[in-house]
Amino acid sequence: MTRLHVDWTRCDGHGACAELLPELLDPDEWGYPVARSGERDPAVPAALDSRARHAVRSCPLMALRLFTD
Amino acid sequence: MNMDLALWALGRGTAIVALALLTTSIVLGVLARSGRPLGSLGRFGVVDLHRTAALTAVGLVVVHVGSLLLDSYAQLRLVDLLVPFVGAYRPVWLGLGTVAVDVLLVVTVVSLARHRVGPRVFRAVHLSTYALWPSAWLHAVGTGTDSGTLTLNTFAGLCLAAVVAAVAWRVAPSFAGRGRARVERVTS
Amino acid sequence: MSATTVSMLGTPPAASLPRLGVHDLLAVVEAAGLTGRGGAGFPTATKVRSVAGARDAVVVANAMEGEPLSHKDALLLARAPHLVVEGLVLVGGALGATRRVVAVGVHVDAGPLRPVAAHHGVEVQVVDGGFVAGQETALVRGLSGLPAVPRDPSVRVTSRGVDGRPTLVLNAETLASVALAVRLGPQSATSRLFSVSGDVALPGVVEAPRHALLSDVVDRARPGPVRAVLVGGYHGTWLPAARLPTPLADLTLGAGVVHVLGPGTCPLEATARITHYLAGQSARQCGPCVNALPRVADTVARLAAGPPDPRLPAEVARLSALAAGRGACAHPDGTVRMVASALHTFADEVSAHLAGRCLP
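Chains as they are written, first to last, in our numbering: chain A, 1 to 69; chain B, 1 to 188; chain C, 1 to 360.
Just so you know, nobody snuck in bad clues.
Heads up, incomplete: computed chain B residues facing chain A, CB under 7 Å, no partners named:
{"hint": "1", "residue": "42"}
{"hint": "2", "residue": "44"}
{"hint": "3", "residue": "178"}
{"hint": "4", "residue": "180"}
Hints are computed from structural coordinates only; laboratory data are not their basis.
Quantities reported herein were computed from a predicted structural model and do not represent experimental measurements.
Even glycine gets a Cβ: it sits at the ideal position worked out from N, Cα and C.
With the rest of the complex left out, here is chain A:
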């Protein structure tokens, strides 16, 4: 399963990721992404794979990473 991991020591709540992956993420009131599933590292379905990679590239602070478990 591909999962999206947020490095919270880098994330500054910029918000590009939540815009690119609204199915997976919502911005909280401070701008930081919340996983809609409540998972720590939300699962990324195959259909969202390319958008997830776009999100990883778009994060200005390189706080996102995709991994497989």
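We have chain A already, so just place chains B and C on it with the hints.
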């Protein structure tokens, strides 16, 4: 003869568009840092456009430098790409272009390798764009055969105004927090 | 304590230490059923196994005592430092570790420890930092000369820790219990240290056998009437007085903190105070933690002090959900779990406060 004219035109044309794109990149960079969206572009669109403008500018600078190397009237040598202020033609103004190109090269390489060098190195190198743009601007204003013309000065003035406005916003207190009411993190 | 339980604090230094391979060490640790005593309670054998086979490993004894109510590791280092050092030497030897370090917090007296450590070629390092400095990745950073704040947990310290080397971090008391288990057999490692504090006449460290009850531990500190007990630490669980006769084996003991509340203390006020402290101890690296925890603390404080507002419990739950699972370490998770435990155990007090009263 015609070849030289063509190269000269290419050299000037790419220079103008490159400066416009570098200016756009700075403005979009500040907008990206602000965390504010831009219409239907959203926040991710701003980031994408910032990078596209920058990379396109890099491509145009390559053509700009290449065409002037080939243009015998420009008297540009390969050493002038690396060592500033030793040029035959307007060495000081040209030298600023050398500085700009060298910084641009480092910024581009590090930015493309940002996931490997990590956010701290990336950020430190990226800050040098605030030295890059003024060098490029001064080089544009002083070096070319259009230097001193009304068209060029107007264009340069608009670019300057845009960057000054962007930087003023960047340092304004209202800029902080990416537009959200929140406690800021502390990075060590 | 019963005759078969060996006192950790009363055990003298070993005349000589056996050299165990990793398989023999794991066998002893597993037979003794050892779990971590620093807070997370992780099976010690599993942790040791995660570094087995690594070359150039570092083994660290965590004596940071970042938990304000905990004093057991400091007392252990004062009264029986040899046990901690022996544990380090045994584990380090089994793993082929070339570096063994006791990491002590700034408030811990390392005087009695230093000569024993020096004798065994074990380093002693004082690490500066607050509550979170005792967290595994934060401690590893502190020992590597960086600020002692957590890092992203993706890279495990067992792969890359102190100075980039595979690192095993074990609580000081855990290592002492390993030393006892190896020297005297797995049956011997059955005592555990508790830091008792709060509304008691004799606060301090209590040593109790594993089969004891929570009330046995509390009684040793001469309490008055007990209203509630916080077990584990500031990230622990609130238990009502009715749960005092519970066997320790049935409880999540965390870092061994037992904090007693008497009838004169409002449990919601106590919870609010602790939550404010924890919010202030955030490393402030992670947005959700640095933003949500102070708001949780303020909301609990409003529950405790009024004015009454029926929306407050739901607001605590909402903010807690925003804090949990969204940080580089478990500080926000532990904090909101402790708060949830308080609102659950003190449900009657919550209702009373929402009706404008405080229960005596």
